[in-house]
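Given the structure of chain V, go ahead and fit chain X onto it with the hints provided.
From first to last, the protein sequence lines stand for chains V and X. Here the first sequence stands for residues 1 to 118, numbered as in this note's numbering. Here the second sequence stands for residues 1001 to 1132, numbered as in this note's numbering.
If you are wondering where the hints come from, they were derived from the structure by calculation, not from laboratory data. The model shown is predicted, which means the values in this text are computed figures rather than measured ones. Note that the Cβ used here is the ideal one computed from N, Cα and C, for glycine as well. Accuracy of the hints is not assured; some may be wrong.
Simulated restraints, written as ranges between beta carbons of each label pair [as the list claims (entries may be wrong)]:
#1 Ala30/V to Glu1057/X: 37 to 43 angstroms
#2 Arg1084/X to Glu55/V: 15 to 21 angstroms
#3 Leu31/V to Leu1083/X: 17 to 23 angstroms
For reference, the chains in residue letters:
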Amino acid sequence: MKSLLIISQSTPYGRSSAAEALDTAMAAAALDVPVTLLFDGDGVLQLLPEQAGTELGVRNLSQVLEALPAFEVERCFVAAEALAQRSLQPNTLALPGPLLDAEAVAALVRSAEVVLTY
Amino acid sequence: MRFALLVQADPAHSPSAISALRFAEAVAASEHTLAGVFFQGDGVQVAQAFRRPPRDESDLQARWAKVSEHCTLPLQLCVASALRRGLVDGPEAERAGLAAATLAPSFELAGLATFLAQMQAADRVLTFGAAS
Chain V
1 MKSLLIISQS
11 TPYGRSSAAE
21 ALDTAMAAAA
31 LDVPVTLLFD
41 GDGVLQLLPE
51 QAGTELGVRN
61 LSQVLEALPA
71 FEVERCFVAA
81 EALAQRSLQP
91 NTLALPGPLL
101 DAEAVAALVR
111 SAEVVLTY
Chain X
1001 MRFALLVQAD
1011 PAHSPSAISA
1021 LRFAEAVAAS
1031 EHTLAGVFFQ
1041 GDGVQVAQAF
1051 RRPPRDESDL
1061 QARWAKVSEH
1071 CTLPLQLCVA
1081 SALRRGLVDG
1091 PEAERAGLAA
1101 ATLAPSFELA
1111 GLATFLAQMQ
1121 AADRVLTFGA
1131 AS
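The shape of chain V in the complex, shown without the other chains (with noise of 0.2 angstroms):
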């Protein structure tokens, strides 16, 4: 089985493209494809607290999120540079995984046989 890395890089509801990233994650989970999740960018936004999505029509992501342990999605991280530059306090997210530094973040991307970005 070839390793799977997914960089979720958008906005929570400005597009599908965060909620995609979340059902290819779980769908690789549940195919026993070794799957790491890494939120980069724009992507963080998805982690900030008190999301109303389900009032835009739309699933609530914050929901999802917490739920990837029970789908199996277990390694995930965050990409520390990208809170920084959007002057977000990793204690005021839900943090899914760990962060990372730029530095451990290209490790992770040189390691994954598969990176796919949303």
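Below, chain X alone, put in the same frame as chain V:
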């Protein structure tokens, strides 16, 4: 080399859509092969049967159909992305009581598992992303 393509770009909104097509055409004309072409998100819009591109623009759908025919490869759409954008095949139109199927020939609906299998079978996977 075997390539799997993931096309997320809407042909009306992003030049990545034609880049994906050109890449596939180049693969078809070479000694390399396609393990699969999978459309997700807004990328599925290219399969809308009722598209009427202006005369002075390239008909991406027709060009994809040629790639499909040349490589005897089905072009597959993420079913969830397709249904939420009104892209239905004959059986789905009938099941939902819709007036017509809207999916162009050479395209078919498939699950993400199909793409994940293409990914495993490929030497390289290329993503043609949505405009940011």
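Verification of the supplied hints:
1. The given range of 37 to 43 angstroms is respected by Ala30/V and Glu1057/X, whose C-beta atoms sit roughly 40 angstroms from each other.
2. A C-beta distance of roughly 19 angstroms is found between Arg1084/X and Glu55/V, which places it inside the suggested range of 15 to 21 angstroms.
3. Under the hint 17 to 23 angstroms, the C-beta atoms of Leu31/V and Leu1083/X, about 21 angstroms apart, fit the expected range.
Of the numbered hints stated above, none is contradicted by the structure.
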